[in-house]
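Novice: Assemble the complex: chain A is given as a structure, and chain B must be docked to it using the hints.
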Amino acid sequence: DTGVSQDPRHKITKRGQNVTFRCDPISEHNRLYWYRQTLGQGPEFLTYFQNEAQLEKSRLLSDRFSAERPKGSFSTLEIQRTEQGDSAMYLCASSPPEVAGTTDTQYFGPGTRLTVL
Amino acid sequence: KQEVTQIPAALSVPEGENLVLNCSFTDSAIYNLQWFRQDPGKGLTSLLLIQSSQREQTSGRLNASLDKSSGRSTLYIAASQPGDSATYLCAVRLWAAGNKLTFGGGTRVLVKP
Chain A
-4 DTGVSQDPRH
6 KITKRGQNVT
16 FRCDPISEHN
26 RLYWYRQTLG
36 QGPEFLTYFQ
46 NEAQLEKSRL
56 LSDRFSAERP
66 KGSFSTLEIQ
76 RTEQGDSAMY
86 LCASSPPEVA
96 GTTDTQYFGP
106 GTRLTVL
Chain B
123 KQEVTQIPAA
133 LSVPEGENLV
143 LNCSFTDSAI
153 YNLQWFRQDP
163 GKGLTSLLLI
173 QSSQREQTSG
183 RLNASLDKSS
193 GRSTLYIAAS
203 QPGDSATYLC
213 AVRLWAAGNK
223 LTFGGGTRVL
233 VKP
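Those protein sequences? They're chains A and B, same order as listed.
Using my numbering, the letters of the first sequence correspond one by one to residues -4 to 112.
Using my numbering, the letters of the second sequence correspond one by one to residues 123 to 235.
Honestly, the hints are just simulated from the structure, not real lab data.
Any given hint could turn out to be false.
Unchecked claim - Beta-carbon label-pair distances, calculated as ranges:
#, chain 1, residue 1, chain 2, residue 2, range
1, B, Gln203, A, Arg108, 26 to 36 Å
2, B, Ser134, A, Glu63, 36 to 46 Å
3, A, Thr33, B, Trp217, 38 to 48 Å
4, B, Gln173, A, Ser68, 38 to 48 Å
As the list claims (entries may be wrong) - Taking lysine-lysine pairs in the DSS-like style, the calculated list, with each CA pair at most 27 Å apart, reads:
#, chain 1, residue 1, chain 2, residue 2
5, B, Lys164, A, Lys9
6, A, Lys9, A, Lys66
7, B, Lys123, B, Lys190
8, A, Lys52, B, Lys234
C-beta atoms are modelled at their ideal positions from N, C-alpha and C, and glycine is treated no differently.
Pulled out of the complex, with its shape left as it was, chain A reads as follows (with noise of 0.2 Å):
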């Protein structure tokens, strides 16, 4: 295993541009999470994928983010119009899939640190 991997790892943009990270899960997991946390707070939820099925989002998903997950590998999350607010630490898991007496265990990626200025 080689862990779940994010790129890039910092980003600093300008308010109004858009941006995109990447996430990379473990192999062989199907299940896939984006949360964001900011300073000394613990992560919240965004989103989350079953293979290429975006089946969960959370309300603080506005509409200038977008998340997908084409080929149920890889995934992206995009943010349009970048906000001073939406400066965060943008974190991304993946846990196999779910079968009754295993573990639910998530595995966290680096993080992407975004700063919008």
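Specialist: Coordinates of chain B only, in the frame set by chain A:
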């Protein structure tokens, strides 16, 4: 709406002392509860996962207990070391809330040599 609270927000102990970290949640219909460690500027590392049917889980110096009726979980770290300095987060998955985790705000721990 599930709320998860971790008190205190910060804790400082001398090396060798046992750590006791608290997590409380408002909705007892949990599917499981996880404890994570987060080092500054880094992602989260899973420490322990307790299923709703379990009362505790142990891994090395770590022991986590779960009391659903009172809405509480406790993470014990025995014989703390400076390397245990980090933020510890608990997260709850509810039966009725799909796959998402709801996190507490974390407890920032400093173990002084």
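Novice: Would you mind marking each hint as holding or not holding in the structure?
Specialist: Tested hints:
Here the CB-CB span from Gln203(B) to Arg108(A) is close to 28 Å, well matched to the stated 26 to 36 Å. The hint said 36 to 46 Å for the Cβ distance between Ser134(B) and Glu63(A), and at roughly 44 Å that hint holds. Evaluation of the 38 to 48 Å hint for Thr33(A) and Trp217(B) yields a failure: the beta carbon distance comes to about 28 Å. Restraint check, Gln173(B) to Ser68(A): a C-beta distance of roughly 28 Å breaks the suggested window 38 to 48 Å.
Simply put, Lys164(B) and Lys9(A) have alpha-carbon atoms about 24 Å apart, close enough for the 27 Å limit, and the pair holds. Between Lys9(A) and Lys66(A) the CA atoms are separated by roughly 31 Å; this puts the pair beyond 27 Å, and the hint is violated. Under the criterion of a C-alpha separation no larger than 27 Å, the hint pairing Lys123(B) with Lys190(B) is consistent with the structure, at around 16 Å. For the suggested pair Lys52(A) and Lys234(B), the alpha carbons sit about 42 Å apart, so the restraint of at most 27 Å is broken.
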